[in-house]
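S.K.: Sequence:
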Amino acid sequence: MLHYTIKQYAKNIKAPGKLANIELHADPVKLENDDLLLSQAGLHVRFKFAGKGVIGMSDGEASGGQQVMKSLVLLIGLLKSEDGSGGFVFIDEPFAHLDIRNIQLVGEFLKNTDAQYLMTTPLTHNTDVYDPSELALITSKKKDTQWAQLIFVLQRRKPEQAAA
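For the sequence shown, the working numbering gives the first residue as 92, with consecutive numbering after it.
In short, the hints are calculated from the structure, not lab data. A hint or two may mislead.
List time: in silico EDC-like cross-link candidates among lysine to aspartate or glutamate, alpha-carbon distance up to 16 Å [to be verified]:
1. Lys109 <-> Glu251
2. Lys143 <-> Asp125
3. Lys105 <-> Asp126
4. Lys105 <-> Asp205
5. Lys98 <-> Asp118
6. Lys139 <-> Asp126
7. Lys102 <-> Glu114
8. Lys102 <-> Asp118
9. Lys143 <-> Glu114
10. Lys109 <-> Asp205
11. Lys139 <-> Glu123
Estimated spans, in silico, between C-beta atoms of each pair [stated by the list, open to error]:
12. Phe181 <-> Asp118: 21 to 31 Å
13. Leu241 <-> Ala187: 36 to 46 Å
14. Lys233 <-> Gln131: 16 to 26 Å
Even glycine gets a Cβ: it sits at the ideal position worked out from N, Cα and C.
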């Protein structure tokens with residue numbers, strides 16, 4: 092069963108990787124009835140971004156955008172089921188420390204996956220960062236209060252609604 096799970100996960104990360112124009116290679120994991128091999132077993136994935144060299148899972152040379160994309164691809168691959176759905180993902184500030192271009196790239200990627208998202212983002216962001224979502228729940232806590240205020244809702248109008 093573990094062999095199947097690892098093989099399925101390696102397959103699951105390829106689809107979101109392809110959506111993000113990232114070549115992925117997951118090294119086979121050696122699982123044998125050997126305590127030493129099992130203690131050293133681990134998943135090793137290499138990422139190749141367009142026009143750049145291969146980056147490992149914990150490579151410190153990846154840019155902020157590349158690190159976000161690596162994490163999202165691995166997370167979505169973990170949540171994908173056999174029927175191909177992308178699951179439900181909670182992402183804490185995926186756009187933090189990214190420039191506008193990388194925000195757009197990450198947002199475009201999120202829109203193209205089959206997953207559903209709940210994202211947190213600072214209120215100081217331009218509402219363009221909400222582009223991947225049709226609905227955003229916004230709340231904040233002020234310094235001198237114990238609890239955050241009630242949740243505010245930002246809902247995108249569909250193009251046909253905006254024209255009306």
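S.K.: Against each hint, give a clear statement of whether it holds in the structure.
M.R.: Do the hints match the structure? See the list:
| no. | hint | in the structure |
| --- | --- | --- |
| 1 | Lys109 <-> Glu251 | violated (31 Å) |
| 2 | Lys143 <-> Asp125 | violated (38 Å) |
| 3 | Lys105 <-> Asp126 | violated (30 Å) |
| 4 | Lys105 <-> Asp205 | holds (14 Å) |
| 5 | Lys98 <-> Asp118 | holds (10 Å) |
| 6 | Lys139 <-> Asp126 | violated (33 Å) |
| 7 | Lys102 <-> Glu114 | holds (12 Å) |
| 8 | Lys102 <-> Asp118 | holds (12 Å) |
| 9 | Lys143 <-> Glu114 | holds (11 Å) |
| 10 | Lys109 <-> Asp205 | holds (13 Å) |
| 11 | Lys139 <-> Glu123 | violated (29 Å) |
| 12 | Phe181 <-> Asp118: 21 to 31 Å | holds (28 Å) |
| 13 | Leu241 <-> Ala187: 36 to 46 Å | violated (24 Å) |
| 14 | Lys233 <-> Gln131: 16 to 26 Å | violated (50 Å) |
Comparing the model with each earlier hint shows violations of hints 1, 2, 3, 6, 11, 13 and 14; every other hint is respected.
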